[in-house]
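K.L.:
Single-letter residue listing:
2 protein chains.
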Amino acid sequence: MIFNSKITQAACFFSMLFFSINTFAQQPADFVNPLIGTSNYGATFPGPIAPRGMASISPFNVAGRQNSLEKDSQWLSNPYVNENTFLTGFSQVNLSGVGCPDLGVILLMPTTGAVETNHLKYGSTYSKELAKTAYYSVNIDKYKVKGEFTASKRVGVSRFTFPKGQSNILLNLGLGLTNEEGAMVKVVSSTEIEGMRSVGSFCYNSPEDAYPVYFVAKFSKPANHFGVWKNTPKYEGTEAQWMGYNGKIRMMKNTIKTVVGDSIGTYFTYQFDKEETVEVKIGVSYVSIQNARENLEKETGYKSFDDVYKETFNEWNEELSKILVEGGSYQDKVIFYTALYHTLIHPNTLNDINGEFPQIKRSKIGKTLGTRYTVFSLWDTYRNMHPLTSLVYPKQQSDMIKSMLQMYDENGWLPKWELNSTETFTMVGDPASIVIADACLKGIQDFDIYKAYHAMLKGADQIEENPLRPGLKEYLQKGYLSTNYHGSVSTTEEYNASDYAIALMAKALGEKEDYKRFYKRSLSYQKLYDKDLKLLRPRTADGKWYEPFDPNAGANFQENVGFIEGNAWQYAFMVSHDIKGLIKLMGGDKVFSDQLQKIFDIKQFDMANEPDIAYPYLFNYVKGEEWKSQEMVKKLVREYFRNEPKGLPGNDDTGTMSAWLVYSMMGIYPISPGDPIYTVTTPMFDKVTIKLDSRYYNKENVVIERAMNSDGKIKEIQLNGKTLNSFFINHDDFVNGTTLKVIQE
Amino acid sequence: MIFNSKITQAACFFSMLFFSINTFAQQPADFVNPLIGTSNYGATFPGPIAPRGMASISPFNVAGRQNSLEKDSQWLSNPYVNENTFLTGFSQVNLSGVGCPDLGVILLMPTTGAVETNHLKYGSTYSKELAKTAYYSVNIDKYKVKGEFTASKRVGVSRFTFPKGQSNILLNLGLGLTNEEGAMVKVVSSTEIEGMRSVGSFCYNSPEDAYPVYFVAKFSKPANHFGVWKNTPKYEGTEAQWMGYNGKIRMMKNTIKTVVGDSIGTYFTYQFDKEETVEVKIGVSYVSIQNARENLEKETGYKSFDDVYKETFNEWNEELSKILVEGGSYQDKVIFYTALYHTLIHPNTLNDINGEFPQIKRSKIGKTLGTRYTVFSLWDTYRNMHPLTSLVYPKQQSDMIKSMLQMYDENGWLPKWELNSTETFTMVGDPASIVIADACLKGIQDFDIYKAYHAMLKGADQIEENPLRPGLKEYLQKGYLSTNYHGSVSTTEEYNASDYAIALMAKALGEKEDYKRFYKRSLSYQKLYDKDLKLLRPRTADGKWYEPFDPNAGANFQENVGFIEGNAWQYAFMVSHDIKGLIKLMGGDKVFSDQLQKIFDIKQFDMANEPDIAYPYLFNYVKGEEWKSQEMVKKLVREYFRNEPKGLPGNDDTGTMSAWLVYSMMGIYPISPGDPIYTVTTPMFDKVTIKLDSRYYNKENVVIERAMNSDGKIKEIQLNGKTLNSFFINHDDFVNGTTLKVIQE
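Line order of the protein sequences matches chains X and Z. Take the first sequence: its position 677, counted from the start at 1, is 677 in UniProt numbering, and no numbers get skipped. Take the second sequence: its position 541, counted from the start at 1, is 541 in UniProt numbering, and no numbers get skipped.
Keep in mind the hints are simulated off the structure, nothing from the lab. Possibly wrong hints are sitting among the right ones.
Same chains, same label: a pair holds when it works inside one copy or across any pair of copies.
With a straight-line Cα cutoff of 25 Å, these simulated BS3-like cross-link-like pairs (lysine-lysine) come out [claimed, not checked]:
#1 K699 - K584
#2 K364 - K253
#3 K248 - K361
#4 K623 - K646
#5 K451 - K687
#6 K248 - K234
#7 K142 - K687
#8 K458 - K253
#9 K128 - K715
#10 K274 - K623
#11 K298 - K146
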């Protein structure tokens, strides 16, 4: 072992290091359990993906009534649900932790015996699932086939071990999670397929922006036979009398013609006289089939399944090792690293290996030398996921901002909820400004800051035809949106939060007038404060309180006047940038603290959605009450985050819930996004070492320590051995310090 | 004019010659009226096509209830019907004179004002149609747009003259004549579109063989705006509640993404401040988009509409000038040259300009140095169209045979009814053998004759799994098919005709045993002769006559036991290879002649379909009765063939009716296909000069003359001044002679 260890240390490639020493000790990537979040609507998927990868593979088990959660029976947003039992394929592009169905297409499925193309008939139960970083395997019961899966950034790699006899690999381009339909396919040869699948209409919106995913599939062994199938709808006109084939499936054998349709697929058939494996590589692209082929060839060319797995595992391990935790239980490490893993899935890579990507609106193909990121669920991620990325992965954050500014160049607007170069305009508010200001004020400034500032101002000030801020005119006139607008209170608060971030940017840039103007704008939520209820309350267009008003209404995503995905309780304190002002409004610390506590007591706190996820930290604003934050955070971590499929409180929201956990377990939280500050609670590890990127930060590491592993309240917080006067620490102080030490009673 | 004439004579290019002198005198191509056959189910189309072209443009006026003959209301096989009034576009690939709907897709349509994509709304009446060789123009009333159309072999060229204001050019990939659906489209730039459209299911058969037509469209002016539209079917599941867009049309503006669907299209929009023209070139290919682009660029690259028109006109004129007629009325020349034109549409070119074509079954792309022909409606064309091609265009006939043998190589079988590399197996019999034998025995022998012979034998002898000759086992055992088989009498007769052709080939090749065997087989129809009825009559499997039997049943394509598209009268004499045997069977010349005459008298002769189209010539087999053939042929020509849309007796059957007319007007007819003989009636011109191809024939020309223009009976026929003893002449004698002179009383 010593001998091996020396060899390892001599290895030239850093990435090799991790994989090799992995055989000796558990590395961060070994703690990842991709099954976490695959139940309880967490909407993560258990299959392999590379960090911020374009391709990913998920077992697809949401079709067919055999499954309790059937995709078309409800608003279901994930290709895999842990409780379901009926598997109908392995999808090659997937979204993680989102709240709307999309992607989950290009379904690969191994079968044996006669070719059956109806997923309700070829589907199977499955067993022996194994999900780990960059690897997923499962046995497909009906066919006694083992499936193993890994992925590089733009290529999914599947390995099937077939028994003796006739084996088939289906590529189903009909079935999918997305509500879009339509595909094109061409078998190029007995080892290659090319095609595209339409996806889009995310959140049942903007069907005109539905877009293609192109792919090329290469098989390690030539098929003995292949073919294309097509289902056509039943025609009912006069001519039906002559169509003997009406409504029947069409099997097109050994054809190399292009076939299009809403329900098509291919089959590759083998005759094996002993157990055999076939590897299938599927390269994807949002630009063209040609690019999908280039992605496949350049990323995985002659590499075996095992080669690809090792490389992706190492890449993950490198990323996850940016935060090293010591102490804490095995389970704590699992939930921590799995959460960090989940924050590294979206935003993900959109550009092909040659740099090409579809610009917003798909009127042009762009080209980048860096990374063009996509999947910006900004209403979620501005709160903590982007602040985490700024701290731990600042280069990625910089490229994300550059991607956002490219979108601005292409589209005239910063993104709101961008998905594969479609702007879905899902959710409310103008969160891009907060993300950019937050990063910029933390020192990530290698982008065109003035362009960014201009873009922020455009979104904040342009009254007519402003897709980011509907109701802006009324907001500017009255300080709030009236009930004429959907989610008027929520939207007002979101605009306030963005305006605060813009104010901070203005201040930093010396734009004093803008600073004053936007700072003032950021406080206008106060006009919605109902003194009697001590809550924010919608006003109608004539300025009166909206009646009848039930602060409890709006649970479980029910429509609720004034609020988006929540109720008055869940939005009452969503003004992190002005908690002191809110305390004053409410009549002082005690009233504030009681009202905040009440929300938890009457069970109106919702851990599963964003508006109130900072609430547990707000006790830190009340001197002497900070222990409540410490207790509440710990309680919530234990209650909602576990090493099991149900181990997320709900939708992961492209890593937002996971980022909450990462921060909460480290003992710091970016309490007021845009404002470069953290608030402190008790770390859940003895020691947390964050490796800082030397391109953005001076220090190599920053360490968070807890003095002991106890439930005791924090009695002192030290930075580099010097006592802090508050439970807040500036980002600059933090990253330029050495150790943040939390000492409990 | 003299000056011009000299310049013309000095021109280097032969093809230029025709076009230029066209301004001085009427050339053969000037006599073509493409409107002939566009009514009365002739199924020809009036738009431009090059000789044996892959691309063609037809006005498309068979959609919408405004049209009396609506495509989906009946079995309608043409994209244009002269009586219809509501135009919805111009289709870019079309079949001429077939009996089943297919192609008629890629619909270009100019409109003005706001973009409307529903053909029922954007459709228009039209006026001022002008149809001539290689050119069609029409005014589209609703938009005051003039459309002009021409085509090269693989490229359709459209020129639209728009008024001032917003103009649009729609490319509708949903609407079409074919019953297939499914298309893919991508706007490449503001001057280019690429895509494909699925077609096939010809005669409501073999949907699994449906295949793509690829295309590239280039516009002479960049669009100000462009977009793609898509209609999607209305979804009716649980999720419909969230789909605000359900069932609505999607307009996708300025997008360059690939879109697929059953009902999609593109629009190119212009803002003109004065009258402007836009030219659109659409290259097609059955191999790939890339090939479609290459076809477009190499055939029409920088050529203008007028350039393309001139070239194609000249090409036609050259082809049509292979037969020069003198005397006869203007109308006679019009119907004659239009018929010759119609025989030069199918079979048509399948290969791209680079030689590539899809092989039969589309499992490979083939490549040819010559021409790969397609659209072999052999049940029709073996009777006269191929014999005409052998005589006048032997190089084309040779390439057609080579194409048929390629199909045999690719597929294992000679074609039966081949359409764009799909074998539709429409109709009955095994006609390819007759076509090949006929050409071979006429001296076209530059193909692999032994391969051809082997292929014929395979089709004639392989009892199991023989797609060409169902029922072959019974046929060989009993000499006929029983009523267990569809069209048992017709099929028996077709097999007999093929077997006769094979016998002739065997004889020529010195295969004496085969000769005897097949000659004997060719006479087995006699077992179906019912002496009492003097007709062929179906037998049941136990050998008894089929009962009840009505010789008159089966009119108008009604199902009729024993017969295909006809009745007992129309098949009674369809044994041209053994008329002498039939005469004997019937009991001599008089009975035969009376029975033949009776068919005409009781109106059981059907000029509109193939089985009996040789009947009028059969009086030539009875000494002294030949005048009846002369009179009958002339009567039929005058009754059914006219210079008007209704000027064909019915389906042109890919030129078969037209070939009948060409031969009939020349005064000779290939009475027994396979057998290289012609029978003679009175020519309808004073002089017919057939230019012979020196690669196949010794003489430069052969001339047919009539002594006078009178209704008198033929009293003498001379070959090179020497009296012929009969009304029959061998092909060799004919083509090696100089003048066939018909002298009337």
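K.L.:
State for each hint whether it applies.
P.N.:
Status of the hints after comparison with the structure:
no.: 1; hint: K699 - K584; in the structure: neither (39 Å within a copy, 113 Å between copies)
no.: 2; hint: K364 - K253; in the structure: between (37 Å within a copy, 12 Å between copies)
no.: 3; hint: K248 - K361; in the structure: between (37 Å within a copy, 20 Å between copies)
no.: 4; hint: K623 - K646; in the structure: neither (36 Å within a copy, 99 Å between copies)
no.: 5; hint: K451 - K687; in the structure: neither (40 Å within a copy, 84 Å between copies)
no.: 6; hint: K248 - K234; in the structure: both (8 Å within a copy, 20 Å between copies)
no.: 7; hint: K142 - K687; in the structure: neither (48 Å within a copy, 79 Å between copies)
no.: 8; hint: K458 - K253; in the structure: between (56 Å within a copy, 24 Å between copies)
no.: 9; hint: K128 - K715; in the structure: neither (48 Å within a copy, 96 Å between copies)
no.: 10; hint: K274 - K623; in the structure: neither (73 Å within a copy, 77 Å between copies)
no.: 11; hint: K298 - K146; in the structure: neither (27 Å within a copy, 52 Å between copies)
When held up to the earlier numbered hints, the structure conflicts with 1, 4, 5, 7, 9, 10 and 11 and fits the remainder.
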